[in-house]
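Protein chains: 2
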Amino acid sequence: MKKGNTIFFKNPPRILSHAAICGSKETEGILGKYADVTLEDDMYGESTYEKAECKMLSAAISLAIKKSRLGESGIDVLLSGDLLNQIISASFAARDFTFPFLGLYSACSTMSESILLGSALVDGGYVKTAVCATGSHFASAERQYRYPLELGCTRPPQAQWTVTGAGGLVLGSGQKGVKVVNGTMGTVCDYGVTDVNNMGAAMAPAAAKTIVSHFVDTGTAPEDYDLILTGDLGALGSRILKDLTWEKGYDVSSRHVDCGEIVYKVIESEFQGGSGAGCSATVLNAYVLTKMDAGLYKRVLFAATGALLSTVSSGQGESIPCISHAVQLEV
Amino acid sequence: MKKGNTIFFKNPPRILSHAAICGSKETEGILGKYADVTLEDDMYGESTYEKAECKMLSAAISLAIKKSRLGESGIDVLLSGDLLNQIISASFAARDFTFPFLGLYSACSTMSESILLGSALVDGGYVKTAVCATGSHFASAERQYRYPLELGCTRPPQAQWTVTGAGGLVLGSGQKGVKVVNGTMGTVCDYGVTDVNNMGAAMAPAAAKTIVSHFVDTGTAPEDYDLILTGDLGALGSRILKDLTWEKGYDVSSRHVDCGEIVYKVIESEFQGGSGAGCSATVLNAYVLTKMDAGLYKRVLFAATGALLSTVSSGQGESIPCISHAVQLEV
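So the protein lines, in turn, are chains A and B. Sequential numbering of the first sequence, starting at 0, is according to numbering that gives the first Met the number 0. Sequential numbering of the second sequence, starting at 0, is according to numbering that gives the first Met the number 0.
Be a bit skeptical, because a hint or two may be false.
Identical chains blur together in the list; that is why a pair holds if it fits in one copy or across any two.
Computed cross-link-like contacts, DSS-like style, restricted to lysine-lysine with a CA-CA straight-line distance of at most 30 angstroms [what the hints assert, rightly or not]:
#1 Lys297 to Lys2
#2 Lys9 to Lys127
#3 Lys65 to Lys290
#4 Lys66 to Lys2
#5 Lys65 to Lys175
#6 Lys127 to Lys1
#7 Lys178 to Lys9
#8 Lys2 to Lys65
#9 Lys66 to Lys1
Think of the hints as simulated: they come from the structure by calculation, not from any bench.
Only chain A is shown next, with the shape it has when bound in the complex (with noise of 0.2 angstroms):
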């Protein structure tokens, strides 16, 4: 069922188990303590960062099985996607699996667009089972979209930090789990903003336009849960992000958390915080669910953020369309 665009789940899937594997830095932070698996080396033993990238990803998904006990052969397919060019991490992480994969792109929204997709296939009896998964490196993200990391350039002060890490996280049905009861698919939105390093501010009224998108759908407001989740916004697109929600008539400021926000230790070098795929990912899948499961978050409206640019439309002088999917979880 379709209400605006909002999709309802009528057997909710449940997120059997979830895995993430963080960076050296993001060890530092809350992730320390909630990531399966912590690296001392960023390099995770590979040649290269974009290698490095990539096995952390098939990391995520073969843990997120591993805790499923399902076994490689209980997966019916796996949706995954990642910031890179033709999204390379995903795909050759795919390689390592026997299931299907679709692939999928929405930048730093990835993680929601893929738990969105791989609820309806679920939920509609296509699938028993679906991997969602996605991940990021500073490193590749670094070299890729801005400068090489060797000219050592100045980060401005509204500039985030790509999170080095990958999550995954295992959809089917049961008793047990965190229920994805519904997704509200999000379209497209460009408030004109050409600043490559101001992400936060280009995405917060992606986030604002599919949170209250929700809130009208599903007749919630935002006292209804106790986290509102939104991607890697950073401290300055968090603020725009309240005060944009805050004119639609919505007051998020006692519910909303940005995992950008909170995946660092102390913001300092990072700036406005964390950002890129692996950001949501690895909070949602290390820390947010874990609390989930122990009953201390009991209803949280997970909306990852994604710019969707590159660096050839910036060049060519475009400003940056941002999109935002959300999924409502529920104990």
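Given chain A, work out where chain B should sit, using these hints.
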């Protein structure tokens, strides 16, 4: 319902309308007669190849919606992707519309992935209508994946020519239109091909695997289809496909047609034929679906194929993982 890697639709969604647009070179071939819009100038009035590609995709989406007579408000979601880094053509095209957008990446098999996922969303009752679309542009693909056009590099004999064009269709329910009966999800296949100019050889094993899976899962044989349509294997890849399926006990030779092989009038400078996400998208939406609407083809297996490489993965010595998703279309 799922059997093997194939998902079956209870109430097969209908293709309510379909549209395609193609470039000047493509107009000389079969698309000239069947495409809704044929361009004289491949720049399409834009200042860059990438913007022209985006405009074509947006036009194909608009045309398909117009032909469906549903209007923009009658569309529930767009599923789209393309070959450019961070699928900017699809993301920027989605900016032109008010309905939600789910970004996909499956290289040149994006058309069949989008139909498969869109059909699941429609059949599952999550949306009433979905637009599935993709496209490509020779010049943007060439400079992103290979060399700047200005360099005038010699093309090796195993090379293919990226199709300049875009195609889209509207899925929904009703009594009219071609039915999407089922869809076979692809798994990633990597036979170790590293030659980025030899996509046909790289992709043929993925196509063979999905097509054979489809036969097994559905209990059908090549003779049950009027057409077994692959995306862009080209002349060489098509020969390999026939060999590989023959080895598994299926003789597809009398039914198999490759979009890349038929899209151009004379295969000369294009060597092995057409390629790109726009290749299968235009041939399906302009030619094949028009023939199906006229009852000339009753049952078609559409198995688009994608090479999941990037310039970075190739530069780092990786081979080319490939995938093929298939959908069974029936009048």
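Results of checking the hints against the structure:
Taking the closest pair of Cα atoms, Lys297 and Lys2 come within 30 angstroms of each other only inside a single copy of the chain (23 angstroms); across copies the shortest separation is 35 angstroms, beyond that limit. For the identical chains of this complex, Lys9 and Lys127 are neighbours both inside a copy (15 angstroms) and across copies (16 angstroms), given an alpha-carbon limit of 30 angstroms. In this assembly of identical chains, the alpha carbons of Lys65 and Lys290 lie at most 30 angstroms apart only when taken from the same copy (20 angstroms versus 48 angstroms across copies). For the identical chains of this complex, Lys66 and Lys2 are inter-copy neighbours only, at 25 angstroms across copies versus 34 angstroms inside a copy, given an alpha-carbon limit of 30 angstroms.
With identical chains, the CA atoms of Lys65 and Lys175 are at most 30 angstroms apart within one copy only, with a shortest distance of 16 angstroms there and 46 angstroms across copies. Both within a single protomer and between protomers do Lys127 and Lys1 lie at most 30 angstroms apart by alpha-carbon distance, with minima of 22 angstroms and 8 angstroms respectively. For a Cα distance limit of 30 angstroms, the shortest separation of Lys178 from Lys9 qualifies both inside one copy, at 11 angstroms, and across copies, at 25 angstroms. Within a single copy, Lys2 and Lys65 get their C-alpha atoms only as close as 36 angstroms, which misses the 30 angstroms cut-off; across copies the closest is 24 angstroms, which meets it.
In this homomeric assembly, Lys66 and Lys1 come within 30 angstroms of each other (Cα to Cα) only across copies, at 24 angstroms, whereas the closest approach inside a single copy is 32 angstroms.
In the structure shown, no violation is registered for any of the earlier numbered hints.
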